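Student: The lines below spell out each chain.
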Amino acid sequence: MRYLSVLFFYLSTVSYFVTFVFYLLYVVLGSSQRERRLGETLGIVAAGVSEGLSQIAWGVWATRALLVSIAISTIGVIARAIELGNASQWVKIVLLPLSTTYETLTFFSWLIPLIYFVMERKFQIKQVGVFVTGAAFVMLSVAASPSLAPSAPTGVPASLQSYWLTIHVLFMVIGIAFFTSGFGATLVYLWRRYEKKLFLLFGALLGALATIIFIVVPLFGTLQFEKMLASGALLAALCAGFGWLLLFVHREGQPVAWERLENIEEMVYRCNALGFPFYAIGGLVFGGIWAEQAWSRYWGWDPKETAMLVTALVYAVYLHARLTWGARDPGWRGGLVAWLSVLGYLAVLYAWIGINYFVASLHSFV
Amino acid sequence: MRAFLKEIARDLYTFFTSITLAIVLISLIALLALLGTLIPQETFTREVDYIARYGVEGYNTLKKLQLTNIFGSWYFLFLMALFTLNLAACTHKRLMASWRYWKLPMGFIRPEDLKRFEHSYAISGSVCSDASPKIREVLQRHGYRVREHNSQILAEKWRWERFGIDVFHISLVIVIFGGLVTMLFGYRTFAIAHQGDVLRLPGADFAVRVNRFWSENYKNSERVMDWRTELTVIENDKEILTKTIEVNAPLRYKGYNFYQSAFGTDWQGAARVTLALFRADGTALGEFVGTVDDGFAVPSENIFVKIGAFLPDFALTENLIAYSRTQRLENPAVFVEIYDAQGFRLMRTWAFSRPEMQRFWETTMARVGGETPYRIKLVGMTAPEFTGLQITKDPGRPIVYFGFLFVIVGLLVHMYFKHRQIWVHISENEIVIAGMVRNNLKSFAEEFRRLVREIERLQIVTHPESELVV
Ligand code: HEM
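Just so you know, the sequences run in chain order A and B.
Every number in the numbering used here is 170 more than the matching position in the first sequence, counting from 1.
Every number in the numbering used here is 775 more than the matching position in the second sequence, counting from 1.
What the hints contain is simulated information worked out from the structure, not anything from laboratory work.
A quick note: this is a predicted structure, and the numbers were derived from the prediction, not measured.
Possibly wrong hints are sitting among the right ones.
As the list claims (entries may be wrong) - Far from chain A by the CB rule (all over 10 Å, computed), these chain B residues:
1. Ala808
2. Thr812
3. Val921
4. Arg922
5. Val1064
6. Arg1172
7. Leu1186
8. Met1190
Stated by the list, open to error - Some chain B residues judged to face chain A by a derived CB distance under 10 Å, without partners named:
9. Phe846
10. Ser873
11. Val956
12. Thr1017
13. Thr1019
14. Glu1021
15. Pro1173
Don't be surprised by glycine CBs; every beta carbon is placed ideally from N, CA and C.
Extracted from the complex, chain A is given alone in its bound form (with noise of 0.2 Å):
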């Protein structure tokens, strides 16, 4: 293989899907385990059933496999620097392997877990890294795809060739790979509040989702006026109905024990109020910076600077959201809050990847 980083981008994927099942493993057969642990005190369950593989202490292991796939991907980071640096002749020294989607897939995959590390460390709620490690195998095998494929490294374009980019772009995706550990948090949060009843509520999401991109916005698309009408009023119904699910599911659910779901809320809000000053200073202020340099103006409503001003104005929400509702308030409006979070990383995802596949924007090269 010519190029090191490639080769340690395909053992990292495997490594990756590994960990990710190590914390399947943790999540199916570790709260079991617990269970089970509970039924034979009650005296419900009998003792040695399939106890062997429950027996392993799957977290443990979880997490040192995630440190083994972190350390293979910082090789390939590295390694992918070094070759672009030497590809565009080192015109700026500090050049962070970000210039392709290729390339920020993968060092997306090395961030993301290393974040959720530190965060799992903090909260101990491993859960989270089903999630996390899963989402980093996903990113890998898009970027291993043909159509992205761990081509040449080639020199950076002009506009690209700045220290303030290499700044920007790393606050971004730092403050993106919190959002993914608060978002990650945020299912655990609300499968636990929710139970199983989740299901329902994430498949009446995507429906609406599905039912908003492919129905309500071409609707609006057309530009006649009943039919602008019908998609507002299907997108009204949609919120109606989404909104009544939630109040149905909400009431008809047992009590939520606040002490087990706190140190989950706090581990949601923690990676979101540290993501979002990366992500805003990145963003607005050094994005700001950069593009004064490179395009002569701070700000100029470009449609992946405005959905980054969206998801931006998302996580105020959510945060000012949990400050005055209250994270603590175990009724609808602690829920409200959570769902915020989700609706935050939505913002994420659209700003990050939807936007280049809605329109052309100057910024086509993450």
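Let chain A serve as the given structure and place chain B with the ligand on it in line with the hints.
Tutor: Here is chain B with the ligand on its own, set in the frame of chain A:
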């Protein structure tokens, strides 16, 4: 009357300091911005592309609703104005609260109450007489500022942290203000310059000469590494300075900025074309050369041929407006008008260099408009290279950067510092330690535990029987 006005003022203040209003406004702005990413905006999109996408009617509807220019629409600006007011009012209210917080002294708290704190620890046993200075030293080592009050040690750090998020919110207002200054008093233009051009700007007491421009490729590659333009500032006929600008490295002089922004061949502005002219009967009249917006005379026929426009990539919209799809030489076409000696227009037509386009056009025109006295073919074209300079004057820049700086400072302070307070109550047979942190962070538990351990290790309590409270 006065009471009434006062009441209104108070109600307005309450309205504008509501965080619920902030949430609603931010959500609405986010929603409109989202719409602005889905519908292409005027700044990036040509009319013809709109028509190609939405049709004439759809485009007109969009335009009427100001959806093609959302960020300049009255409703968006109105929301922004409301939001700015909201932000300013909130900041004012919060600043008052922070000020009260800042002024709130740390005071004596009874040991029974201290024991009820979330972070609290009691060591009982007989306490040494020099306990207080030793504990004070530990706390000082951890960066606490220490006071003593009625045999109670009051220690705290980072009280000023409370202002961090206020600084952040104020800086947002400053950034918005700076943007407004640029919008109102700034100046921006795009200049296409050729070698040797001298650019003069309205209001500027200097001129800028374009000495030369070139591009550089990566070694052994077709990829462009950078575009550069060498500029010289001339003031009072003296050359002040010469600088080579490139992408990401503009020239800044007296508040004006010159950015390397484009590079290419100036087909639309200054193409030089070679046309072959024929009479209707097919007699060749020869080849002639002319530039856009100008033309040439054909003395033998006593006519003047005017070259109206050159499009490097000819295409037609739905309602038959000609435009250039790209700036590349894909389907070159030139618009020509022929006048007789009296200035009377004899004909007008497009001429193409791609033979199949030429044939298609001639047959179509023959069907629609009948015979024309001349036939024209586009046989050659050149155009000068140009460098595209974006020129701006940006009086809001220092304000915006000042705001940026404090956005960062405020947010970082808010993120990394939280006001911490420690009470240590020392009596003859007991030491009670209690701590509090603003916003009740988890990480404080660790620091508290460490402090307690260090105090325990001082051995200032004999026969310690420690007891964890709560
Ligand atoms: C786009 C605009 C805004 C952004 C990005 C923003 C951002 C933030 C952030 C990051 C925090 C810290 C939250 C936390 O620590 O959990 C915060 C706190 C706060 N914001 Fe905003 N904010 C914005 C607008 C507003 C407005 C308009 C108001 C007034 C209604 C407001 C009022 C507050 C208040 C009262 C706090 C509480 C601070 C505290 O006591 O910790 N903010 N804001």
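Student: Does each hint hold? Answer for all of them.
Tutor: Now the hints, each set against the structure:
no. : hint    : verdict
1   : Ala808  : 5 Å, violated
2   : Thr812  : 4 Å, violated
3   : Val921  : 29 Å, holds
4   : Arg922  : 31 Å, holds
5   : Val1064 : 35 Å, holds
6   : Arg1172 : 8 Å, violated
7   : Leu1186 : 4 Å, violated
8   : Met1190 : 5 Å, violated
9   : Phe846  : 5 Å, holds
10  : Ser873  : 15 Å, violated
11  : Val956  : 12 Å, violated
12  : Thr1017 : 20 Å, violated
13  : Thr1019 : 13 Å, violated
14  : Glu1021 : 7 Å, holds
15  : Pro1173 : 12 Å, violated
When the structure is compared with the earlier hints, violations turn up for hints 1, 2, 6, 7, 8, 10, 11, 12, 13 and 15 and for no others.
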